[in-house]
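There are 2 protein chains.
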Amino acid sequence: MSDGASRAIAILGGTGPAGMGLALRWARAGETVLIGSRDQQRAKDAAEKIREKIGSRASVSGVENSAACAASDILVLTVPFEGQATLLKQLKPAIRTGSILIDATVALAAGVGGRASRTLGVWQGSAAQQAAELVPKGVSVASAFHNLSAELLNGDEALDCDVIVCSDDASAAQVAFALAAKIPGVRAIDGGKLENSRTLEQITALLIGLNIRHKGHAGIRITGLPPAAYRTAVKP
Amino acid sequence: MSDGASRAIAILGGTGPAGMGLALRWARAGETVLIGSRDQQRAKDAAEKIREKIGSRASVSGVENSAACAASDILVLTVPFEGQATLLKQLKPAIRTGSILIDATVALAAGVGGRASRTLGVWQGSAAQQAAELVPKGVSVASAFHNLSAELLNGDEALDCDVIVCSDDASAAQVAFALAAKIPGVRAIDGGKLENSRTLEQITALLIGLNIRHKGHAGIRITGLPPAAYRTAVKP
Chain A
484 MSDGASRAIA ILGGTGPAGM GLALRWARAG ETVLIGSRDQ QRAKDAAEKI
534 REKIGSRASV SGVENSAACA ASDILVLTVP FEGQATLLKQ LKPAIRTGSI
584 LIDATVALAA GVGGRASRTL GVWQGSAAQQ AAELVPKGVS VASAFHNLSA
634 ELLNGDEALD CDVIVCSDDA SAAQVAFALA AKIPGVRAID GGKLENSRTL
684 EQITALLIGL NIRHKGHAGI RITGLPPAAY RTAVKP
Chain B
484 MSDGASRAIA ILGGTGPAGM GLALRWARAG ETVLIGSRDQ QRAKDAAEKI
534 REKIGSRASV SGVENSAACA ASDILVLTVP FEGQATLLKQ LKPAIRTGSI
584 LIDATVALAA GVGGRASRTL GVWQGSAAQQ AAELVPKGVS VASAFHNLSA
634 ELLNGDEALD CDVIVCSDDA SAAQVAFALA AKIPGVRAID GGKLENSRTL
684 EQITALLIGL NIRHKGHAGI RITGLPPAAY RTAVKP
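So the sequence lines, in the order shown, correspond to chains A and B. Each residue of the first sequence is one higher than the last, beginning at 484 in the working numbering. Each residue of the second sequence is one higher than the last, beginning at 484 in the working numbering.
Hints in this document: simulated from the structure, not taken from any laboratory. Careful, some of the hints might be misleading.
[Claimed, not checked] In silico DSS-like links for lysine-lysine, alpha-carbon gap of 27 Å or less: (1) LYS572(B) to LYS620(B); (2) LYS532(A) to LYS676(A); (3) LYS620(B) to LYS676(B); (4) LYS532(B) to LYS665(B); (5) LYS676(B) to LYS536(B); (6) LYS572(B) to LYS536(B); (7) LYS575(A) to LYS676(A); (8) LYS665(A) to LYS665(B); (9) LYS676(B) to LYS698(A); (10) LYS532(B) to LYS676(A); (11) LYS575(A) to LYS620(A); (12) LYS698(A) to LYS575(B).
[What the hints assert, rightly or not] Distance windows between CB atoms, simulated: (13) GLU640(A) to GLY638(B): 32 to 38 Å; (14) TRP606(B) to LYS676(A): 33 to 39 Å; (15) SER654(A) to GLY581(B): 43 to 49 Å.
[To be verified] Partial chain A-side listing against chain B, Cβ under 8 Å, derived: (16) GLY581; (17) THR682; (18) HIS697; (19) GLY699; (20) ALA701.
For each residue, glycine too, the CB sits at the ideal point set by N, CA and C.
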């Protein structure tokens with residue numbers, strides 16, 4: 484992201500609450516955002532909503548998911564788990580070699596009629612590892628953004644939450660760090676290998692359970708690491 | 484714990500770093516602590532170390548694990564996972580009906596020659612649920628204290644970490660809340676049912692991974708909940 488707004492961020496399945504919140508925050512930070520949806524009109528409407536919020540300077544547009552893949556090599560996936568595999572298989576021909584996919588999927592049991600405070604077992608270990616299995620060769624996957632409250636993302640306040648990034652690819656991790664640090668209040672933390680996404684995804688279900696129990700918008704902060712472990716946006 | 488120091492806290496397997504740290508903090512808070520070990524002499528030596536740190540006013544003694552169970556109805560279990568089932572089976576006749584067992588066990592893969600940043604699958608779902616299966620009838624289990632750095636517990640500073648408590652029994656949860664809130668800096672949070680311990684235990688492995696990667700003593704804070712969700716010690 485050192486090239487500023489010249490590299491568009493495509494948010495696949497971006498019309499849901501998490502995708503909209505991320506789009507809002509990144510557009511506000513001056514990034515060019517493509518909201519992707521199965522339905523082009525829905526994507527355009529979502530982009531229009533964000534422009535209404537932050538004004539005409541916002542570089543946000545809405546396109547069909549495969550057009551978003553064709554137009555960008557930074558892809559953020561924010562779909563319910565039950566749609567993840569189908570969408571990735573469908574988009575496989577559209578995803579460009581060298582793209583980076585940042586997966587925020589959580590296998591909540593709610594997706595199959597269970598509770599949002601419980602998760603499903605995923606054969607590969609986590610939704611992010613499933614994504615890594617389904618992307619074309621030459622595409623790197625990072626796991627991030629599971630534990631940001633969609634409701635708070637869609638607001639105006641700085642967040643009080645850290646984003647742990649897991650990836651087996653250093654450049655994919657770097658892109659995720661940079662995107663996380665563009666959200667006010669967020670610190671990005673290197674969480675190591677993609678397999679560690681298992682725990683990140685479980686934490687989402689725990690936070691949803693806390694929200695139901697205590698009526699809040701829970702997030703997590705990691706304490707006790709040296710300052711260099713926390714990556715925050717450098718103020719210009 | 485409303486009866487102050489009159490109800491002893493038995494820490495089973497309490498001579499390890501986590502058990503010693505909890506013993507130190509609770510003894511400092513004026514609680515009566517029984518450090519349990521397989522080896523009575525080792526338990527006595529551990530208690531002596533704590534008295535050396537905090538002085539003769541400390542009410543800490545060391546006894547064999549089954550003697551600790553016979554002498555107390557608040558049992559805190561801090562053993563490596565690979566010893567948990569064997570110890571609970573062995574202690575079954577010694578654990579008093581009506582006792583509360585607070586389990587802090589994490590099934591780290593390190594226990595079977597793997598990595599401390601990975602966990603084992605436990606048939607029951609979590610180590611705490613395994614404990615619940617193994618205790619005698621009439622004994623309630625809560626899950627807590629997994630995510631406190633043993634190194635920081637053994638120090639003098641306030642901790643910067645929350646303790647999420649999971650239990651199917653309201654009174655077991657209350658005892659765990661009260662014990663957590665006696666540790667300076669710690670806030671206790673009701674995490675719901677015992678099954679949610681699955682995630683608490685995974686978080687420990689994540690924090691160990693962060694410690695290895697970033698050379699720190701990681702903990703977690705939960706943000707975004709209303710003030711009533713955070714239970715802290717009432718200052719006298």
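Quick rundown of the hints versus the structure:
no., hint, verdict
1, LYS572(B) to LYS620(B), "13 Å, holds"
2, LYS532(A) to LYS676(A), "36 Å, violated"
3, LYS620(B) to LYS676(B), "18 Å, holds"
4, LYS532(B) to LYS665(B), "20 Å, holds"
5, LYS676(B) to LYS536(B), "37 Å, violated"
6, LYS572(B) to LYS536(B), "34 Å, violated"
7, LYS575(A) to LYS676(A), "23 Å, holds"
8, LYS665(A) to LYS665(B), "38 Å, violated"
9, LYS676(B) to LYS698(A), "17 Å, holds"
10, LYS532(B) to LYS676(A), "39 Å, violated"
11, LYS575(A) to LYS620(A), "10 Å, holds"
12, LYS698(A) to LYS575(B), "39 Å, violated"
13, GLU640(A) to GLY638(B): 32 to 38 Å, "34 Å, holds"
14, TRP606(B) to LYS676(A): 33 to 39 Å, "26 Å, violated"
15, SER654(A) to GLY581(B): 43 to 49 Å, "58 Å, violated"
16, GLY581, "27 Å, violated"
17, THR682, "4 Å, holds"
18, HIS697, "4 Å, holds"
19, GLY699, "4 Å, holds"
20, ALA701, "5 Å, holds"
The structure fails hints 2, 5, 6, 8, 10, 12, 14, 15, 16 (numbered hints given earlier, in ascending order).
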